[in-house]
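Take the given structure of chain A and dock chain B with the ligands to it, following the hints.
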Amino acid sequence: MIPGGYGLPPSSKILKKDRLPSFLERLLEERIVFAPVRRGEVILIREIHAPSEVVLEYENAKESPKSIFFPEREPLFRYRTEKGKVEVDIPPGRERSRVVFGIRPCDARGLLLLDKVLGGEYRDPYYFDKRAETLVVSLACDHPNPSCFCLSMGGGPCSPEGSDLLLLDLSDGYLAEAVSERGAALLEDPAFEKSDEESLAVAKKIKRESEVSMKPVAMKENLEEHLERVFDDPVWKDLTETCLGCGICTYLCPTCYCFDLCDEAAGSSGERIRVWDSCQFPLFTQQASGLNPRPTAKERFRQRIMHKFSYLPKSQAMLGCVGCGRCVTECPVNLDIREVVKSLSGGNGG
Amino acid sequence: MQQLTNEIRAIARKLLREKKVEVVIGFERGSMPLRSRPCFIRKEEEVNRLFWDGFCENALAVYLPKRKERAAIVAKGCDSRAVVELIKEKQVQRDRVILIGVPCRGMVDRSRIESSAAPRRILEMREIEDTLILRGTDFEETLKRSEFLHESCKTCTHPNPVLHDVLVSEWLEEKNEDPFADIQTFDALTAEERWDYLNKEVDKCIRCYACRNACPLCYCPECFVDASLPQWIGKSIDSSDTMIFHLMRAYHLAGRCVSCGACERACPVGVDIRKLNRKLVKDVKDLFGYEAGLNLEQTSPLATFRPDDTESFIVNP
Ligand code: SF4
Ligand code: SF4
Ligand code: SF4
Ligand code: SF4
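Taken in order, these protein sequences are the chains called A and B.
Following our numbering, the residues of the first sequence are numbered contiguously, the last one being 352.
Following our numbering, the residues of the second sequence are numbered contiguously, the last one being 763.
Since the hints were derived computationally from the structure, they do not count as laboratory data.
Be a bit skeptical, because a hint or two may be false.
Claimed, not checked - Each pair of labels, with its calculated beta carbon distance range:
| id | chain 1 | residue 1 | chain 2 | residue 2 | range |
| --- | --- | --- | --- | --- | --- |
| 1 | A | 86 | B | 734 | 50 to 60 Å |
| 2 | A | 79 | B | 638 | 30 to 40 Å |
| 3 | B | 685 | A | 84 | 27 to 37 Å |
| 4 | B | 684 | A | 97 | 17 to 27 Å |
| 5 | B | 585 | A | 78 | 30 to 40 Å |
Said to hold, decoys possible - Computed list of lysine-lysine pairs in BS3-like fashion (alpha-carbon distance at most 27 Å, straight line):
| id | chain 1 | residue 1 | chain 2 | residue 2 |
| --- | --- | --- | --- | --- |
| 6 | A | 239 | B | 512 |
| 7 | B | 536 | B | 621 |
| 8 | B | 466 | A | 239 |
| 9 | A | 222 | A | 132 |
| 10 | B | 731 | B | 721 |
| 11 | B | 466 | B | 489 |
| 12 | A | 316 | A | 239 |
| 13 | B | 512 | B | 536 |
| 14 | B | 512 | A | 300 |
| 15 | B | 466 | A | 344 |
| 16 | B | 466 | B | 536 |
| 17 | B | 621 | B | 590 |
| 18 | A | 19 | A | 209 |
| 19 | A | 239 | B | 465 |
| 20 | A | 239 | B | 460 |
| 21 | B | 725 | B | 650 |
| 22 | B | 489 | A | 239 |
| 23 | A | 217 | A | 207 |
| 24 | A | 239 | B | 514 |
| 25 | A | 239 | A | 207 |
| 26 | B | 621 | B | 721 |
| 27 | B | 465 | B | 512 |
| 28 | A | 222 | A | 300 |
| 29 | B | 721 | B | 600 |
| 30 | B | 489 | A | 300 |
| 31 | A | 18 | A | 206 |
| 32 | A | 300 | A | 344 |
| 33 | A | 132 | B | 650 |
| 34 | B | 489 | B | 465 |
| 35 | B | 514 | A | 300 |
| 36 | A | 18 | A | 196 |
| 37 | B | 460 | B | 600 |
| 38 | B | 536 | A | 300 |
Using N, Cα and C, we set each Cβ at its ideal position, and we do this for glycine too.
Isolated chain A, as found in the complex (with noise of 0.2 Å):
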């Protein structure tokens, strides 16, 4: 089973902030932990080694989870060629079981479309081999950013989906939420205790000032269909008239899994890896012969936009965006997804 599907009713406990570090310390002797930690100026997710790292004040992490199951580099395997022979290493699975933590419901969520674009008939073993070991207990969003817009996106600032755990602040604890059998082992640790009903009346108010915090982003009914009938229209050039190129918004972004192989060899052996590649880069698909049918900026941002918001709903019955928001904040020129999802719904051209 995928983890995040949903097996059971939900059943929740409490965990008190300050039996936390307790809990973690129990992770961390049987599992390989993650969590948001601060870097210099910024929160990343990354392994610790003591609860003591673990910042989970914080809005969301710069860079999204996604590398932890499918990193930007990543050895598929070695090969050696001796008098005609060839020689392949493929790499050892993950001998220890791993969990993230504290992640938020946008990026838990964005998993679940990686699982589906991964997984299906040609599943990936790279990523499987990481993901079907990894339980992911994410921290609901009780004050969601300006930019963020997972609600619209078809999520919530608490929803459980892609998480197996989901903790929600009640300020001197958090609620836990098991949202799979695997999250509800995970409550069998000492350190939570029993909820009550007081607690789920709170979490429930949190929940619903949160979600009514967030502005909608306003989308046509049936975008997919209406971005096919514009995919020629004018609009498109004004739109991304300002677009540097830059990898930034696909690689920041939970959902975006476009990837090149590569050989690094010297000699007679080398080593085969996977690594991020974007849309947004003129190489991505440029041809042998010098042809590039996506030749400007225009044809690329539309690509990333018809991808996420037609290609994948079409073929994966799920949008390609989750509403994290990472692409509003760092598009280095302020190209806002949600103003040209906006524009794209208001019907102009078509």
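Chain B with the ligands only, in chain A's frame:
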């Protein structure tokens, strides 16, 4: 700020009406507080989108090379220097660009403002002279603008446009402080310490190339990192490859970098790209007496051949 905005709009309107240019490249209000962003104005009725405040941080000259239209560009000191350099390098034709010069008081670093307000969230910002008034759901706070400038703006010695066709507002007094104090501190470290520092910075890099793409002087049709025949460097974030990317880029910009800071501002993960570029800016100034983009006359060091060059780095004397 409103006055500058009005002046820019009036100039743009006139240029478009008189068909002096086909497009005005300037700034408009962004989609969030503390953000302004580039915009392209082609119609007179759209000039009111143009806007000016302390967050107009992008280096607009990046949009000039290969542009077929006759363009006007809103230019701070650094932008004008980038245009000068681009004209010298034959990427922009002087008679096809109009510079709307704006003397610049320095651009504000939004991440510093955000961290000073954290964990409170800023929902609205107003800029009046040297103050920034921030407002959130349950707070209002006034900050001194000049205390939150970008690094590149703090050490900027040319806030006034070095080249302009129209000027907005008044000339500012130019500072005379040593702009290279940070580089002297860096120079004073041992080679090993410098190497460690650079490695630590480069390790953050995700190779999104935003630094390169935001740079007005990085306009090569094919960047060396993208070449595949031959492939000069590996594609991954292995630190040796990332380091090569940064070192080579810095060298390719030696004597050309105008210290606009666009690269480090674009970087999403805060790599200190500035150290390398500024170090080379300083070296080029010390060794060849050249500062990029100050005028159209002086020959660039890379384009200079002098038989009497001392070559003191090879032989003595
Ligand atoms: S939209 Fe922004 S982040 Fe994305 S490629 Fe363009 S400039 Fe870069
Ligand atoms: S497209 Fe932007 S907002 Fe949507 S998931 Fe990706 S980074 Fe987040
Ligand atoms: S290297 Fe950086 S500071 Fe120098 S011109 Fe390019 S963007 Fe500006
Ligand atoms: S912008 Fe930053 S992360 Fe991106 S390539 Fe440049 S240094 Fe690396």
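Structure-based check of all given hints:
1. A:86 with B:734: 50 to 60 Å: For residue 86 (chain A) and residue 734 (chain B) the Cβ distance comes to about 56 Å; the hint holds.
2. A:79 with B:638: 30 to 40 Å: Holds: the Cβ-Cβ distance is about 36 Å, inside 30 to 40 Å.
3. B:685 with A:84: 27 to 37 Å: holds (30 Å)
4. B:684 with A:97: 17 to 27 Å: holds (23 Å)
5. B:585 with A:78: 30 to 40 Å: This hint is violated: roughly 51 Å between Cβ atoms.
6. A:239 with B:512: Given that 27 Å is the threshold and the Cα spacing comes to 16 Å, the pair holds.
7. B:536 with B:621: violated (31 Å)
8. B:466 with A:239: Within the cut-off at roughly 23 Å; holds.
9. A:222 with A:132: violated (37 Å)
10. B:731 with B:721: Holds, at roughly 15 Å.
11. B:466 with B:489: holds (13 Å)
12. A:316 with A:239: Between residue 316 (chain A) and residue 239 (chain A) the Cα gap is close to 25 Å, so the pair holds against 27 Å.
13. B:512 with B:536: Judged against 27 Å, a Cα distance of about 10 Å means the pair holds.
14. B:512 with A:300: holds (15 Å)
15. B:466 with A:344: violated (34 Å)
16. B:466 with B:536: holds (21 Å)
17. B:621 with B:590: Answer holds: residue 621 (chain B) to residue 590 (chain B) is near 19 Å, not above 27 Å.
18. A:19 with A:209: With a Cα-Cα distance of about 19 Å, the restraint between residue 19 (chain A) and residue 209 (chain A) holds, given a limit of 27 Å.
19. A:239 with B:465: holds (22 Å)
20. A:239 with B:460: Holds, at roughly 25 Å.
21. B:725 with B:650: holds (20 Å)
22. B:489 with A:239: holds (16 Å)
23. A:217 with A:207: holds (18 Å)
24. A:239 with B:514: holds (15 Å)
25. A:239 with A:207: violated (44 Å)
26. B:621 with B:721: Measuring from Cα to Cα gives roughly 21 Å; hence the hint holds.
27. B:465 with B:512: holds (20 Å)
28. A:222 with A:300: holds (22 Å)
29. B:721 with B:600: holds (14 Å)
30. B:489 with A:300: holds (21 Å)
31. A:18 with A:206: holds (18 Å)
32. A:300 with A:344: holds (17 Å)
33. A:132 with B:650: Given pair residue 132 (chain A), residue 650 (chain B) holds - Cα atoms ~23 Å apart, limit 27 Å.
34. B:489 with B:465: Holds, at roughly 10 Å.
35. B:514 with A:300: holds (17 Å)
36. A:18 with A:196: OK: residue 18 (chain A) and residue 196 (chain A) at ~11 Å, within 27 Å.
37. B:460 with B:600: violated (34 Å)
38. B:536 with A:300: Holds: residue 536 (chain B) and residue 300 (chain A) sit about 26 Å apart, inside 27 Å.
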